[in-house]
Amino acid sequence: MEWGMMLSKYEGSRITVWIEDLSGEEQTQPKPYTLFKTALTEDQAYFKFYFNAHQFLSVPLFDDSLTKLERNQARDCFVSHDPKANLRYHIYFEERV
127 MEWGMMLSKY EGSRITVWIE DLSGEEQTQP KPYTLFKTAL TEDQAYFKFY FNAHQFLSVP
187 LFDDSLTKLE RNQARDCFVS HDPKANLRYH IYFEERV
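According to the numbering used here, the sequence shown is numbered sequentially starting from 127.
In case anyone wonders, no lab produced these hints; they're calculated from the structure. Please note that the accuracy of each hint is not assured.
[Said to hold, decoys possible] Below, in silico cross-link-like pairs of lysine to any residue (SDA-like), each with a Cα-Cα straight-line distance of 25 angstroms or less:
no., residue 1, residue 2
1, K135, H180
2, K157, L192
3, K210, P156
4, K157, T142
5, K157, L187
[Claimed, not checked] Computed spacing ranges between beta-carbons, pair by pair:
no., residue 1, residue 2, range
6, Q153, K210, 11 to 21 angstroms
7, S139, K194, 11 to 21 angstroms
8, M131, L192, 18 to 28 angstroms
9, E168, Q199, 31 to 41 angstroms
Here the structure is a predicted model, which is why all the values come from computation and not from measurement. Backbone N, C-alpha and C define an ideal beta-carbon position, used for all residues, glycine too.
Produce the complete structure using the sequences and hints provided.
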């Protein structure tokens, strides 16, 4: 899937980031940000969501069953499940594009 083209259209929009710990440890709280820019790593193994020019969240990319863009009427959500780390990354796009 061409993640760069699909997700770059959300640049400048409000997002909510939540990293779900599937091991049962203490859960993080969702945090709001403005998506400054997006970038695919050179090896195409990770997608970077920049919050400003220097800070970003790097999310691992997997096949379509583990990494996907979920669309619904309320908002779109990028989800990537990392089975090795036992984490699930949720990036909620607060504005429909």
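Hints and how they fare:
{"no.": "1", "hint": "K135 with H180", "verdict": "holds (20 angstroms)"}
{"no.": "2", "hint": "K157 with L192", "verdict": "holds (22 angstroms)"}
{"no.": "3", "hint": "K210 with P156", "verdict": "holds (22 angstroms)"}
{"no.": "4", "hint": "K157 with T142", "verdict": "holds (5 angstroms)"}
{"no.": "5", "hint": "K157 with L187", "verdict": "holds (21 angstroms)"}
{"no.": "6", "hint": "Q153 with K210: 11 to 21 angstroms", "verdict": "holds (19 angstroms)"}
{"no.": "7", "hint": "S139 with K194: 11 to 21 angstroms", "verdict": "holds (19 angstroms)"}
{"no.": "8", "hint": "M131 with L192: 18 to 28 angstroms", "verdict": "holds (20 angstroms)"}
{"no.": "9", "hint": "E168 with Q199: 31 to 41 angstroms", "verdict": "holds (36 angstroms)"}
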